[in-house]
Amino acid sequence: MSDLLIELFSEEIPARMQAAARENLKKLVTDGLVEAGLTYESAGAFSTPRRLVLTVQGLTPESKPVREERKGPRTDAPQAALDGFLRSTGLTLDQLEKRADKKAEVYFAVIEKPGRKAAEIIAEVLERTIRTFPWPKSMRWGSGSLRWVRPLHSILCLLGDEGGAEVVPMSVDGIVAGNTTGGHRFMAPARFAVSSFDDYTAKLRRAFVMLDSAEREAHIWNDAQNQAFARGLELVPDAGLLTEVAGLVEWPVVLMGAIGAEFLHLPPEVLQTSMREHQKFFSVRNPKSGRIEGFVTVANRETADNGATILKGNLKVLSARLSDARFFWENDLRVAKAGMGDWAEGLKAVTFHNKLGSQADRIARIAALAREIAPLVGADPDQAARAAGLAKLDLRSAMVGEFPELQGTMGRYYALEAGEPEAIANAARDHYSPLGPSDAVPTEPVSVAVALADKIDTLTGFWAIDEKPTGSKDPFALRRAALGVIRLVLGNGVRWRIADILMVHLLQQKLTENGPFKFSNEVMADLLSFFHDRLKVFLRDQGIRHDVIDACLAMPGNDDLTLLVKRAEALQAFLGSDDGTNLLQGFKRANNILTQAEQKDGVEYSFGADPKFAETDEERALFAALDAGEAAIAPAMAQEDFAAAMAAMAKLRAPIDAFFTAVQINTDNAIVRRNRLNLLHRIRALVAQVADFTKVEG
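The numbering of the sequence shown is our numbering, which starts it at 591 and goes up by one.
Wrong hints could be hidden among the right ones.
To be verified - Below, computed lysine-lysine pairings styled on PhoX-like, alpha-carbon distance capped at 20 Å:
# : residue 1 : residue 2
1 : K654      : K707
2 : K1126     : K1058
3 : K1058     : K945
The set of hints was computed from the structure by calculation and includes no laboratory data.
Given these sequences and hints, build the entire structure.
What follows is the structure, encoded as structure tokens:
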């Protein structure tokens, strides 16, 4: 067995591309080796800003010979068919075999491919990988035709075993593979030879290069935490920034500095966002006050003054950036304290969508809907409407203009400065939530009302102008909006019929003088179907079976999402029990017999089952069980006590099993047969009160 080491050494690879590049290098090379007939034990990919690395262990030294037989055309087939077969096999006519096949004689091609040395295969696979590598963006340089993310300087390609290692002979656009690499650009730029992966990693470390990005991340995080702790501060977690910074340095050196006192009054989110976006700094927080008081930067080299010069330069740039942020903040505060009227007026000139009017128009719609929703979520209608009217005003602020990701967050600060109650201010911050599956769901009533109104207005608006998601395209994030509504409703236990709310909003807009909405029953039905589709996706992620969801969606009241989920959870738990499984089989048997009889006879057996025509004890026992079940299930369903309804259904299992074991449905006695078919209808009707069991698999 052999071990393979590949390094593609280039100018700096953008940090955001490195993770995908590692995986692509590993997949393309290993897939290519396997397709060519080689096998391997394990593989690992690594990256630094200047190199992509792949190591493959336990690689077979050569591929096995392959003998392949292909059936061709008949011997009397047209010449064109024969010529095509010869081209596909690479053989000549005299190399084909004639064999009898059923009623004709056909040509067979026997293709024998000898085994190939691993080095030959590696050279082909690696060259193809380099030339077709799927960079999001790539470039050409010099006079060559090769495209790479940044200029590619060298290729290291070693194949070794216990006896030593050899360079795999290959070249790409004049770059000849070798056994050398370079260390840190500044601290150890000289090239050096390596003989194996272990030798490679050891020499890289001596040349101030940490190969493993996970190791660089851990080093940065641990060192930054220790430095913050030593000063009585704490590091603000930022996993995305940590990954990005680890992709910017080969030898991370953590440095900590203090933010100037003149900037400490700025909101923590402003400081954190400015430092993160502009300079890739981590924020350091005072746990006692919650203020951001320091920063952590990661240098790419050690210096004689322990980073003092680097910190000085960073502080100079940081002060300039934070001065801009302070200017935005102070100017925005003046507008906020004056009531934010200038921003409200400005939003009249900001188009939300050319068919849906301005942002000011949209705010008016959201405020009207929030007032309607407020009583359903326990919020004060006036507060909800007021919060909706203010929630988006920060879009006109200078701070949000500079940092769009702070919309909502800054809205809360400005609302408080304007003297608004905290519930209204919090709604400005929270009404965009939840933005994704990991985002928290607002729970304050006013926030919930405004968040629901915001998302429902978006959905109804774009549905009314027929701008719905198609395939994978969803430019207005309507799937996310629908999922947000679902999570808000379920997370807060909201009891409402969503169709009623959609109807209210559509009618509100239809009645306005210049309302953009075109109301129709088709729009309503299609939008409700869209909600159901998103709910299916959400519930499947929660572990609820798709057929269980369909069985509950088929029931009345399927636009009461909280009720629907409660029903689905109870049904799934019931079907997971032995009683549920067996009752399902009994129902399906009853339904199949009844359906076939109704189709054959051309009548519906749905009335008149009478115990006086029962001939067996099992038949009479089923009548009694159905009477008891109806008496228990109907009130349980009325009280939405699905557990009790399922328990009552479970008691039907034994009588139904006994009935089918002892009783013949299609007896010669027409009266008894009709009575028994009507009895089967009672089973179907009783079970249908809980869910549509015809949609349940099994």
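Going through the hints against the structure:
no.	hint	in the structure
1	K654 <-> K707	9 Å, holds
2	K1126 <-> K1058	18 Å, holds
3	K1058 <-> K945	14 Å, holds
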